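*Asks:* Take a look at the letters that make up each chain.
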Amino acid sequence: MALLSIYGLSVRLPGRARRPILDGVDLTVEAGEIVGLVGESGSGKSVTARAVLGLTPSGSEVAGRVLVGNVDVGSAAPAQLRTLRSSTVSMVFQDPRAGINPMRTVGDFMTESLRLNRGWSKGAATERAVELLAAVGMPDPPRHLRQHPHELSGGMLQRVMIAAALSTEPALLLCDEPTTALDVTTQAEILAILTRQQAQRGMGMLFITHDLDLASAVCTRVYVMYAGRVVEAAPAHRLFSEPRHPYTVGLLASTPDIHGAQERLVPIPGTPLGLLEDPPGCAFAARCPLAVPDPCLSLRPGLEPVTGSAGHEVACPRAQLSTGDLVRLGSLEEGRP
Amino acid sequence: MSVAIETPRVGRLGAVRDFGGSWLFWTCVTILIGFVLIALFAPVLAPYDPNATDLSNALSGPSLQHLLGTDESGRDTLSRVMFGARTSLVGPLFVVVLSTVFGIVVGLLAGWRGGWVDLVLSRVLDILFAFPGLLLAILVVALFGKGMTAPVVAMSVAYLPFVARLTRSLVVQGKTQPYVAAYRVQGFGPTYTATRRLLPNVSSTVLAQSTLNFGYALLDLAALSFLGLGVQPPTPDWGAMVEQGRGAVLSGQPMSAIAPAVAIVVVVVAFNVVGEEIGDRIARRER
Amino acid sequence: MSLDGAGVAPPRTATFVVWRLLGLMLTLLVTSFLVFASLYVVPGSPIDFLIQGRSPSPATIAAIKKQYGLDQPFLVQYVHWLAGVLHGNFGRSLEYRENVSTLIASRLPTTFSLVLLSAVIILVVGLGAGILGALRAGRSSDKAVLVVVTFFAAIPSFAAAIVLISFFSVRLGLFPTFGAGQGPVDRLYHLTLPAIALSLTFIALVARITRSSMLDVLSREHVEVALSRGLARRTVVRRHVLRNAGGPILTISGLLVAGLLVSSAVVETAFGLDGIGSLLVASVDKLDFPVVQALVLLVVAAFVIINFVVDLAYPLIDPRVKAGDAAR
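Chains A, B and C are the protein sequences, given in the same order.
Start counting the first sequence at 1; every next residue gets the next number (this note's numbering).
Start counting the second sequence at 1; every next residue gets the next number (this note's numbering).
Start counting the third sequence at 1; every next residue gets the next number (this note's numbering).
Because the hints were derived from the structure by calculation, they are not lab data.
Here the structure is a predicted model, which means the values were calculated and not measured.
You can take every hint at face value.
Label pairs and their computed distance ranges (CB to CB): (1) B:191 x A:98: 36 to 44 Å; (2) B:117 x C:37: 23 to 31 Å; (3) C:309 x A:63: 53 to 61 Å; (4) B:117 x C:313: 27 to 35 Å.
Just so you know, even glycine gets a beta-carbon here, dropped at the ideal spot from N, CA and C.
So that you can see chain A by itself, here it is in the shape it has in the complex:
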């Protein structure tokens, strides 16, 4: 039984949206593995994470199943859901300055869950908070606990956020763009903390980011999302050596490679799909160099396994083309691994 199993998750926002923000997402995370979820803003990755906690936007329609262990999040009773949130699953949010109440102390934030959900005494909770802050590398935990969020830098606040998420010893850790709001040096530090904690505690981790390179550094498996759908899923190294979906290929081609020779960056033409657009076929067809009217514009592609590549699935009827064909069609740069 997987730690996290998502089957056919669809979320439709209230209002004028013409297509659901999540459209039939399938995803699994096993205990102890780091799974990446990559996509542009608007691809629905954050909504997916929130759905795991049962925190979909109010008024939205949710279909499909989200199972954490054997608990069905969608049909869980409120008390069950709260237990899930307070013991099994924790989330590290993107912007710690927005996520921590500015009017309360860091100590209050750190000990809140332990005191209110588990009835710990203030002393015991503070002790644990000090331990955790030390584990994430804060230099002076007792002092920091007394401070307010505005007195700490973004990097430190994100450590606090992580420490707080770990305080409940979750089996599953969701990280929603945990480093996006930080500068590059701090990013590296935070990533190191996350990976170390994950290894030490054997947690399953869902790592959400828009940065493909980041995902490659951290994750064992990666899902690529576009317009609310999973378009490719593969072991990390396979995704980067043999991307199959034109979107993934485009993403790789459009990010600069700090190590290799400076090649021409090729941006993906067009703009991401808005919520008012609902094409009948493949969501990426309008921007895809490989698209042909049939089946791309008319038929919605499902995830199919890639021949010769274990654990690799792609939602693209044109993806079975060989690497040579892809180069010829201009989708791949010659010589790029």
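Following the hints, complete the assembly by docking chains B and C onto the known chain A.
*Replies:* What follows is chains B and C alone, placed relative to chain A:
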């Protein structure tokens, strides 16, 4: 997480077209237009002369001859309410117009010029903020005697700082916008840029806010007349009528006091509903 | 950014408070000057203005001249007057032949009780309605709150007074129609209808601001984060919404008190209460300018001082704000 939802572009008139099916909004607009018409055409519409006394018929309840009954002097309440619309609506109108015009001028000066001008003007505004409208009106009546002119001026002065402060902060924000610099670089003078280019862009927000002052001004001026310090008898005025009707209330025939009170509430509610809806639309458009 | 944190602000707070205090003094000085100088704005001479409508004896006229120092230069008069005011001497009432300060002091308790009772009603009902509306936004209870609030905002205190008197006093005979009563319980009984009449517009204001502030805070990420940690919704509202939403309410509290003081004039007149509001109106009516001057000055000063205190109170609820920074 950004979600690419397209907002339809609407022009100024488009905003009006956009209101569509809000029955509450349109009902209130109709009510307001109704009252304006009543005020304008009172001499034609009113069944009786509002000052015609008839002591034999005093304090009669609603009947077929007098739809809203009569007051303690036998004057027809309905006619008095209709004529009362004139004084009750005109005063606030002047207050809003005066406070808006001068408030925008002051706010524009302070925000655009900055420096000393801003410092001095802001201090002046701070002082003005310390005087609540009704209080200033009472002081002015104490100095210049009862009536409507002095209170209207006093209230315009009391409301001015709110308009000025809003204008100032919008101008301060607006003048850092690239398009303003673009105009200056092309050689347009500061006065031209400020008044013909920047001001129209902030004015709709300011106007929306300051029309809401109409309701407050109406309430304050009516209160003043209730206290006997504003409109003087025998001129009908809703606030004064409520005061005059107090004796009638104690005698158990409250209609001559309640009718004008209801008129006040209805007009202010209608105005607030309309004003807030328009303000909302403008704010959303400029987002 | 160093690992040592962003750093707390150095003790600018003390200097800022002093600076603001000076600003307060300046404002009080200017407003007192304006109130004093208003005597000279009228056409004609001040002494003619002061004795209008009366025929006082020459001795009385001399006393009035002395009280205002009318035979001295303008600024000297002002200083003289201001010195008197700071000692609690507001001169003598032209109508009542007693010291203005005694007159005001005798009528202050009624107004104080009225305003206090109203404030309690406003806070309880206004905050309650605002919180209820925000927590049930969009549902029927919220819509009901919004409708009621829209009406309350449009009901002037004198209209409410008339309706309340007409219904509860005359028709139902439940409450007295006038007077402030004797003794605490009787006073409460007498002040109930006036307090309700006074409160309505302000209940609407407080409810609206509370509701919109709470809705704003409810949409913020720290609330979502708290929910994601398994806290009950009620707990989250209590710990992460209420205090965060308090700012705007604090901002208008100054306006609230000023509005209550000024509107008390209307309510006290409508209900025949002997407070300073009705004193103000009566004094204007009877051309008793020294009393008018004193009362206007007192109300304005109270307003300015309360706003100043409110400004200082900001850091108590929001640790990010240094005293005086508060957004207006």
